[in-house]
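Asks: The lines below spell out each chain.
There are 2 protein chains.
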Amino acid sequence: MMRLPVFLFALITTASVLHHSQLRAEEISSASADPLPSWNNGPAKQSIRDFVAKVTTEGGVGYVPVELRIATFDNDGTLWTEQPNYVQAFFLLDRVKSLSAQHPEWKEQEPFASVLKGDLKHALAGGHKAIEELLMATHAGMTTDEFEKIVTDWLATAQHPRFKRPFTELVYQPMLELLTFLRAKGFKTYIVSGGGVEFMRPWAEKVYGVPPAQVIGSSIKTKYEIRDGRPVLLRLPELSFIDDHAGKPVGIHSQIGRRPIAAFGNSDGDFEMLEWTTSAPGLRLGMIVHHTDSEREYAYDRKSMVGRLDKGLDEAKQRGWGVINMKQDWRKIYSFDQ
Amino acid sequence: MMRLPVFLFALITTASVLHHSQLRAEEISSASADPLPSWNNGPAKQSIRDFVAKVTTEGGVGYVPVELRIATFDNDGTLWTEQPNYVQAFFLLDRVKSLSAQHPEWKEQEPFASVLKGDLKHALAGGHKAIEELLMATHAGMTTDEFEKIVTDWLATAQHPRFKRPFTELVYQPMLELLTFLRAKGFKTYIVSGGGVEFMRPWAEKVYGVPPAQVIGSSIKTKYEIRDGRPVLLRLPELSFIDDHAGKPVGIHSQIGRRPIAAFGNSDGDFEMLEWTTSAPGLRLGMIVHHTDSEREYAYDRKSMVGRLDKGLDEAKQRGWGVINMKQDWRKIYSFDQ
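Residue numbers (the numbering used here), protein chains in the order written: chain A, 1 to 338; chain B, 1 to 338.
Just chain A, same shape as in the assembly (with noise of 0.2 angstroms):
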């Protein structure tokens, strides 16, 4: 089969969008250069478009003022790959690795020792704890300048184990490209993600364009003191808050103080901030990324050990939200993909 030039994509989306809204001239305009090239044509992309068209619409029963326009994102398995593991979990098995010549220790003390020996499921075997004391062990004890220099410099080099290529190279164009388009429109565009919070913001404006300020994540909790006649930010080995499940409202209210109008997930870790957003009155847009696709990405949710997505899955279509099938709907996952 030939392959359309992009030109004649761009015209079929045009055609489609001005069946299904109204759109000013100008509206019209910009979607002839289609702003998500890398999303097929389907009800995904569709229902994005038709969304950003309302709000945006002055005088139209959607729209909705620049000052609310707030789309929140997660971030692991929305915006960038989660599996074999989450991102922040090799960092922690590195940092285990390179702190342990300081901690000969560990060498027989558990959890460590098991990481050493390349045994994550004995090491995990110790539950919560097990788990809170390699996160403080690795997150905890330094400054806050200090610990973005380490996040920083494991991510100049560590690779994922399947792409061989860095782990920030392994975030979707197609949500690059909404990213973009949202914001192109007047939205602000935050994340809002399980993984630490710290572990995220020395990245997320240069790979994201989302500044620190806009991101929202779980944390430890730090302190202020002086040292060597310089005032420094502590990390403590105590967590502050878990930004997960309905710690995510909690997290959105707590930072923005605002209620999204748009949401997108992927796991049911996404649920209640899916549930917040669309269940406020006026035009909301929840979507979920589910995870079709063995080739080009992973294929996992209702078992998943990461990324778990059951309850969103069994209660999207009553809720209204829309399912992007990864598979289907994206042409593109990663920007290095033909």
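Hint data in this document are derived by calculation from the structure and do not stem from the laboratory.
With a cut-off of at most 20 angstroms between alpha-carbon atoms, the simulated SDA-like pairs for lysine to any residue come out as follows:
1) 206/A <-> 68/B
2) 317/B <-> 229/A
3) 221/B <-> 220/A
4) 223/A <-> 256/B
5) 149/A <-> 68/B
6) 206/A <-> 256/B
Knowing the structure of chain A, use the given hints to seat chain B on it.
Replies: What follows is chain B alone, placed relative to chain A:
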């Protein structure tokens, strides 16, 4: 003495600015329409204008890119009047009175009984425990939406005991001009207050032009739950974060994720925020509003119960912090001043 017409003041300002910094044509043209008309000419106004000119002059040694232009402002005593008591304290006392009908037991239960008798001194004899009890009885137990309405309704009718005006009219006109000036120069302006974040967010955008996401304050915990089929955030009677003293840099780091380059405060509760801001490398601005005008506002500092300024006054000079002397530096304090 004859009063000079405003445009002559503007000419004088422009001339003196030209001596201190290199300005491009557009800077001069904007300088000639004085953006700070309620500020008298003097070192405070001059240091603000010098700082802003330097950090916004491309190619200059002090140039700061737009995304790093972050300015933080304390609220009570820095942006609005905090005497004879914090506005939120007036709110709390009124709430005790209006809730007392539902709590007949308060007539004989401290600290409520003393509050209802108007004996604040005795009510607070119970120290921190009494204050926390009053706070939780008046600020928790409702949803975040309900609390927003309570604050909004109260502010619509409550009046300052001396000025007999709504508290939101007792904001400092020179600081409103400063907020507007900084934003026009690409700054993001944040409020960083010891006061409750949900007490400020309902009106901060309308009054200061600061959106909810840029208001940082003290907070109590909230809990996500479903009520009558709809999600709400319930305000729990449990402190979450105290955004004062060393808490201010912690709050700034948690919500902004970057260090401010300018900070404005008025009490020792702002000391660490100014220290954190001005101890970073590069051009930084730290300023203290000094309450010196008992006629137009209030005069207080070292021994004040509210807004105590002691350490900050002692160390301002050696730390290079500017002191804004309200009596001398402000031509107007409130918008309604002649």
